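Undergrad: Residue-level listing of the chains:
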Amino acid sequence: MSDVKKFLYVNRKAPHGTIYALESLEVVLIGAAFEQDVALAFLDDGVYQLVKGWDTSELGVKNFQPAYTALGDYDIQKVYVERESLEERGLSEDDLIEMTYEDEDDDWAEKSSIRIVSREEMAQIMRDSDVILSF
Amino acid sequence: MGMLHTVNKSPYQCNTLESCLNHVGEGDVVLLIEDGVYAAMKGGRAADVLSAVQGVKVCVLSADVKARGLEGKLIDGVEVVDYAGFVDLVTETDKTQAWL
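Top line first, the protein sequences correspond to chains A and B.
FYI, in this note's numbering the residues of the first sequence are 459 to 593.
FYI, in this note's numbering the residues of the second sequence are 5 to 104.
So here's chain A without its partners, still in its complex pose (with noise of 0.2 Å):
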């Protein structure tokens, strides 16, 4: 009936050190022109891609932070960050960049598009989803 396929873009890359994350987030942005039921996944090195207050001046490179914040104007209401891998690395949900959208059904009020969520519920995440593209 409905052509919509859940998309999942599942990130495991640390930022700057390869350009895996500015290539996903580029291919994000694609996907959800196209009006599919886009999530994304940070799991793994990926969750250093939302830790917020980057400084990329002294690296000679863009500062594509930004760009995540404004996925929620791209109709990206769902991010999810697995809980182990930020523990692992000393992180909590108080160290990420906010990100967030604006609800529809509830008279457009902004809400927070990150879901802290565990490694078993990242699994199942992957198994309900139609299509997933790894970075």
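Treat the hints as calculated values from the structure; they're not laboratory data.
Do not take every clue at face value.
Going by beta-carbon spacing under 10 Å, a handful of chain A positions derived as facing chain B [said to hold, decoys possible]: (1) Gly-475; (2) Asp-513; (3) Val-519; (4) Glu-545; (5) Ser-550.
In silico EDC-like pairs for lysine to aspartate or glutamate, Cα to Cα no more than 20 Å straight-line [stated by the list, open to error]: (6) B:Lys-70 x A:Asp-553; (7) B:Lys-77 x A:Glu-556; (8) B:Lys-46 x A:Asp-513; (9) B:Lys-70 x A:Asp-513; (10) A:Lys-520 x B:Asp-80; (11) B:Lys-46 x A:Glu-546; (12) A:Lys-536 x A:Asp-552; (13) A:Lys-536 x A:Glu-516; (14) B:Lys-70 x A:Asp-564; (15) B:Lys-77 x A:Glu-568; (16) B:Lys-77 x A:Glu-516; (17) B:Lys-46 x A:Glu-560; (18) A:Lys-536 x A:Glu-560; (19) B:Lys-46 x A:Asp-502; (20) B:Lys-46 x A:Asp-553.
Everything numeric in this text was worked out from a predicted model, so none of it was measured.
Every residue, glycine too, gets a C-beta built ideally from N, C-alpha and C.
With chain A held as given, fit chain B onto it using these hints.
TA: Then chain B, alone, in the frame of chain A:
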């Protein structure tokens, strides 16, 4: 004087740091660069390993620390160096080994 070891991979992604630390000697310097800087982050499992190392100076490259939002989140006893400091470390040590 000792050797300079650079480590550019996250300790949670591969065993580069572990392998480096298994081969360092008294008076050596370990410089964490690129994704290697995550090892020096407070509260992480890798930080415990790093703090336990004896007789070795541990440094991190400031540009990579700042780019990743890690300023103020590093463990004690780690020296932050800039690019010029990186060059100084290269010239002050006998040789450099890049752990990739």
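Undergrad: If a hint holds in the structure, say so; if it doesn't, say that too.
TA: Hints, one by one, checked against the model:
Interface hint at A:Gly-475: satisfied, since its Cβ lies 3 Å from the closest Cβ of chain B, which is below the 10 Å cut-off. Annotation: A:Asp-513 was flagged as interfacial toward chain B, and the flag holds, the nearest CB pair being 4 Å apart, inside 10 Å. Evaluation of the A:Val-519 hint against chain B yields a held restraint, the C-beta minimum of about 8 Å falling below 10 Å. Hint on A:Glu-545 holds. Least Cβ distance to chain B is approximately 9 Å, under the 10 Å limit.
Checking A:Ser-550 against chain B: minimum C-beta separation of about 9 Å stays under 10 Å; hint holds. A distance of roughly 14 Å separates the Cα atoms of B:Lys-70 and A:Asp-553; the hinted pair therefore holds under the 20 Å criterion. For the hint pairing B:Lys-77 with A:Glu-556, the CA-to-CA distance comes to about 19 Å; that is within 20 Å, so the pair holds. Note on B:Lys-46 and A:Asp-513: the hinted pairing holds, with a Cα-Cα distance of about 19 Å set against a maximum of 20 Å.
Proposed proximity of B:Lys-70 and A:Asp-513 is supported: the alpha carbons are some 5 Å apart, at most 20 Å. Taking the CA atoms of A:Lys-520 and B:Asp-80, the gap is about 30 Å. The hint is violated against a cut of 20 Å. A distance of roughly 11 Å separates the Cα atoms of B:Lys-46 and A:Glu-546; the hinted pair therefore holds under the 20 Å criterion. For a cut-off of 20 Å, the pair hint linking A:Lys-536 to A:Asp-552 stands: about 18 Å separates their Cα positions.
A distance of roughly 32 Å separates the Cα atoms of A:Lys-536 and A:Glu-516; the hinted pair therefore is violated under the 20 Å criterion. Note on B:Lys-70 and A:Asp-564: the hinted pairing is violated, with a Cα-Cα distance of about 38 Å set against a maximum of 20 Å. Between B:Lys-77 and A:Glu-568 the alpha-carbon distance is near 30 Å, which puts this suggested pair outside the 20 Å criterion. Distance check on the hinted pair: B:Lys-77 and A:Glu-516 sit about 18 Å apart at the alpha-carbon level, within 20 Å; holds.
For a cut-off of 20 Å, the pair hint linking B:Lys-46 to A:Glu-560 is broken: about 34 Å separates their Cα positions. The straight-line distance between the Cα atoms of A:Lys-536 and A:Glu-560 is roughly 12 Å, inside the 20 Å bound, and the hint therefore holds. Between B:Lys-46 and A:Asp-502, the direct Cα distance comes to roughly 17 Å. Compliance with the 20 Å bound is thereby established for this hinted pair. With a CA separation close to 12 Å, the supplied pair B:Lys-46 and A:Asp-553 stays within the 20 Å bound.
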